[in-house]
Amino acid sequence: MLRYILKRLLQAIPLLLGIATITFVMVHLAPGDPMDMYMEERFQRDVDPQVIELLRKKHGLDQPLPVQYVKWVGNVARGDFGESFRYRRPVASLIAERVPYTLQLAALALFFDALIGIALGIISAVRQYSRTDRTITVGSLVMYSIPGFWLALMLVLVFSVNLHWFPTSQTRSLDYELLSAGGKLADRLWHLALPVFVLGVASAAGTARFMRNKLLDVLSEEYVVGARARGLSERSVILRHALRNALIPIVTIYGLALPFLLGGAVLIEKVFAWPGMGLLAVEAIGARDYPVILATSMIAAVLVVLGNLLADVAYALVDPRVSYGGKRLA
Amino acid sequence: MNVQKIASLRWIRRRRLTRICAGSVVLAAVGCGRGSDAPRSAPATITVLDPTPVMGGPGWTSQNLVFLTLTGRDEKGELVGRLARSWERSPDRRNVTYRLRTDIHWHDGRPVTAHDVAFTMRLLAHPKVTYLPPSEAENVIVVDDSTFTTTGHPYPTDTWIVYYPKHLLEKLDPAQFWDWEFWRQPVGNGPYRVVRSVPRLLMELEANPEYFGSPPRIERVVLKSGETAVTELMAGNVDAALLYWRPLDVFKLAGDTRFRIYHDFALDRRKAVAWNQRFEPFRDARVRRALTLAIDRRELLRAMNLPKDVPLSDAPFSPGQWRAGALPSPLDYDPAEARRLLDEVGWREPSVGAVRMRAGAPLRFVMVVENADETEAVLVQAALRRVGVDVQLRVLERQAARSRVFEAVDFDAALFAFCQRPWTPCGLVAWFGAESKLGYRNSEVARVLDSLATYAYLDADEPQALYRELEPHFQADLPMTFLYPVTHFFVAHRRVRGLSSPHRANPVESMEKLWLEER
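In the order they appear, the protein sequences are chains A and B.
The opening residue of the first sequence carries number 1 in our numbering; numbering runs sequentially from there.
The opening residue of the second sequence carries number 331 in our numbering; numbering runs sequentially from there.
These are calculated hints, taken from the structure and not from any lab test.
Quick reminder that beta carbons are idealized off the backbone N, C-alpha and C, glycines included.
It is possible that some hints are incorrect.
Claimed, not checked - Every beta carbon over 12 Å from chain A, so not counted as near; a handful from chain B, in silico:
#, residue
1, T480
2, V517
3, V708
4, Q794
Said to hold, decoys possible - Okay, derived cross-link-like pairs now, DSS-like style, lysine-lysine, Cα gap no bigger than 25 Å in a straight line:
#, chain 1, residue 1, chain 2, residue 2
5, A, K71, A, K58
6, B, K601, B, K767
7, A, K71, B, K458
8, B, K601, B, K638
9, B, K406, B, K582
10, B, K458, B, K501
11, B, K601, B, K582
12, B, K638, B, K582
13, A, K270, B, K582
14, A, K57, A, K71
15, A, K58, B, K458
16, B, K501, A, K58
17, B, K458, A, K57
18, B, K458, B, K496
19, B, K406, B, K843
Claimed, not checked - Selected chain A positions facing chain B (Cβ under 10 Å, derived; list incomplete):
#, residue
20, A30
21, P31
22, D33
23, Q50
24, L55
25, K58
26, L153
27, T168
28, R172
29, Y176
Produce the complete structure using the sequences and hints provided.
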């Protein structure tokens with residue numbers, strides 16, 4: 001297995017280099033001048049053209065594209081993602097500030113997805129064709145179909161603006177620094193509640209449907225019939241025998257879910273003013289902040305590669321029938 | 331159902347009920363233990379939503395509160411001194427001598443001097459900071475502690491450059507300017523001083539009791555980071571929002587009696603439709619006149635939810651002209667005259683409502699517009715269609731539109747916010763000067779614009795005579811159809827008093843003059 005993992009990691013290097021090259025070329029070929037953001041109306045003044053040219057030179061934008069590319073690859077290999085045009089700070093520190101917020105959101109959303117999605121899927125499968133099953137099925141389809149940003153806006157309108165049960169935005173309250181340790185944790189969870197719900201509910205709906213179908217397949221297997229025939233309780237049959245096999249594909253799906261959650265969080269971050277990486281990436285695209293665009297794209301590519309690898313490894317770990325390198329794990 | 335199963339079901343229900351109760355208790359605990367975003371109970375605290383991130387570097391919004399500029403604008407828009415007590419130009423207009431107030435101190439008690447001004451200019455022009463051109467580094471010459479002269483920046487109309495304490499910053503590395511710890515808790519000389527600062531969340535300020543003017547009536551200001559202005563205002567979390575709202579967003583709050591809406595004008599930026607004279611039909615001034623007459627600009631203001639006092643004009647104008655009410659009247663909406671002019675030039679409608687034709691070719695062109703201006707573009711398109719002109723819109727993402735319009739000049743017509751200042755790359759000289767991007771040729775206009783450009787920032791109000799020289803040319807030639815200046819909206823709770831449109835609309839810029847009504 002270790003050899004397999006190493007092989008996959010080595011294969012990822014040319015893949016990531018290819019992605020980096022394509023992203024670099026596409027970003028630089030897109031119309032628009034990154035130095036234009038300094039003319040933004042927000043600054044309420046025109047920036048001197050000399051300053052624009054100095055900044056262009058400082059960021060190496062006056063160099064030919066191949067020269068810029070070679071310099072950038074060399075810097076990235078040393079861990080230097082350059083300086084943001086917009087914020088004028090190292091990209092690495094910008095991203096380091098944002099990653100924890102995105103991971104908080106994604107991890108909790110994944111947990112919410114697993115908890116609710118799997119539970120609903122089990123209930124729906126066990127009570128097939130009942131009213132409960134139909135309710136869960138319809139509910140899942142509805143929640144899966146609702147656009148995330150619309151749901152976010154509606155929840156903010158109802159629960160934050162009108163009922164004041166949840167905050168409208170941000171990661172913590174204004175008086176956060178004055179709270180006790182327990183209060184700080186509570187405050188963080190309170191601010192996470194709505195974004196996590198929005199991000200997790202669509203995935204949970206999909207998971208519930210998938211879980212239901214998979215469990216129904218497994219429940220019709222002969223060994224399950226045999227387990228029932230041996231007098232095991234229904235609870236034991238479902239939780240100890242059927243569920244484990246039904247979970248195998250779910251585990252692999254979660255390996256791929258992380259990069260998608262990061263991408264899907266962009267609109268949620270915008271609605272809730274959540275300072276995550278998704279929002280940083282979108283704002284960078286609008287401002288043609290090349291270093292940030294390239295860095296966030298590379299991180300997304302790495303996450304997809306790692307997510308795929310994680311899914312494959314998890315599959316092998318959960319299903320003893322699967323082996324890599326010709327050797328079974330169990 | 332057997333007894334065992336009934337007992338099992340009861341047990342399951344009890345366990346389920348226990349779990350639900352435990353979950354409710356946890357949620358209640360979370361609900362009680364967490365913090366609050368509600369504005370503080372102290373009546374003299376205002377919370378403002380600020381879209382500029384409170385993270386590293388001088389925060390542009392807080393700078394207005396913590397530091398002073400040399401000059402500012404009063405409630406009538408007239409230039410008044412802040413750090414500067416007075417200023418005068420040399421007879422040859424090449425330099426300006428400033429005399430500073432001697433009663434202004436930094437928050438640590440040290441006096442503000444001309445040396446701080448000189449230091450700030452050198453710092454901002456430092457190659458590692460790159461905020462001003464390096465040529466500005468040695469413009470300021472200190473005469474004595476309260477007097478300096480300059481041949482460039484700062485100009486009297488520079489109401490945006492603030493000045494930093496030399497004694498605290500001169501030993502810091504300019505290469506780390508944007509990361510200085512100083513910005514977390516800056517020592518300024520303005521009406522407010524920073525109490526605490528949390529990156530990406532808030533900056534809290536208190537009134538400076540040693541302020542040279544009368545201390546501000548609002549004791550505390552909380553700048554909260556964020557862009558979700560509508561929800562924050564409606565939820566009562568903030569008293570004012572600093573977003574440069576679009577008119578159609580403001581409409582959502584217009585009927586809400588809790589809020590008041592204020593506006594000011596960015597008079598140096600006007601929305602306009604540019605007619606590229608490399609497109610053959612636009613070479614004829616009668617066609618450009620007809621297209622201008624066909625657009626009802628006052629109706630456009632109403633449709634865009636813009637205020638009635640938006641200045642309209644067919645020529646560039648200075649802020650001073652506007653303040654003096656001396657703008658020439660724009661052409662009135664006259665579609666009948668528009669049709670007559672187009673007929674005169676040979677563009678005729680083959681049938682009622684059809685697109686006009688001349689020599690077998692339709693009067694049809696593409697108008698490039700960025701996505702934020704699509705609403706105005708659609709209204710202009712509809713207006714021109716009514717007189718038989720077919721406009722096809724090419725709506726582009728902002729940067730792509732700017733690239734096509736400003737760099738490539740690849741358009742027949744374009745609707746954009748153009749810059750009315752003479753000397754900037756997107757300004758008057760670029761569009762109407764000797765090397766006009768529109769292919770517009772008027773040597774008299776080019777001569778006047780070259781004179782205007784030499785005034786630079788010295789006093790944008792002074793060269794009114796030059797602007798008046800431009801009027802008859804623009805009114806005759808109409809190389810662009812000027813729509814309206816870019817309008818900024820600010821929304822504030824009605825308890826925030828002292829704001830007024832258009833000169834005192836921005837609550838942060840006017841903070842020291844504001845007060846709060848009791849809740």
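Tested hints:
no.: 1; hint: T480; in the structure: holds (15 Å)
no.: 2; hint: V517; in the structure: holds (21 Å)
no.: 3; hint: V708; in the structure: holds (22 Å)
no.: 4; hint: Q794; in the structure: holds (21 Å)
no.: 5; hint: A:K71 to A:K58; in the structure: holds (13 Å)
no.: 6; hint: B:K601 to B:K767; in the structure: holds (17 Å)
no.: 7; hint: A:K71 to B:K458; in the structure: holds (20 Å)
no.: 8; hint: B:K601 to B:K638; in the structure: holds (16 Å)
no.: 9; hint: B:K406 to B:K582; in the structure: violated (29 Å)
no.: 10; hint: B:K458 to B:K501; in the structure: holds (15 Å)
no.: 11; hint: B:K601 to B:K582; in the structure: holds (23 Å)
no.: 12; hint: B:K638 to B:K582; in the structure: holds (18 Å)
no.: 13; hint: A:K270 to B:K582; in the structure: holds (19 Å)
no.: 14; hint: A:K57 to A:K71; in the structure: holds (14 Å)
no.: 15; hint: A:K58 to B:K458; in the structure: holds (9 Å)
no.: 16; hint: B:K501 to A:K58; in the structure: holds (24 Å)
no.: 17; hint: B:K458 to A:K57; in the structure: holds (12 Å)
no.: 18; hint: B:K458 to B:K496; in the structure: holds (17 Å)
no.: 19; hint: B:K406 to B:K843; in the structure: holds (14 Å)
no.: 20; hint: A30; in the structure: holds (8 Å)
no.: 21; hint: P31; in the structure: holds (4 Å)
no.: 22; hint: D33; in the structure: holds (6 Å)
no.: 23; hint: Q50; in the structure: holds (4 Å)
no.: 24; hint: L55; in the structure: holds (6 Å)
no.: 25; hint: K58; in the structure: holds (7 Å)
no.: 26; hint: L153; in the structure: holds (8 Å)
no.: 27; hint: T168; in the structure: holds (4 Å)
no.: 28; hint: R172; in the structure: holds (7 Å)
no.: 29; hint: Y176; in the structure: holds (5 Å)
The earlier numbered hint that this structure contradicts is number 9, and it is the only one.
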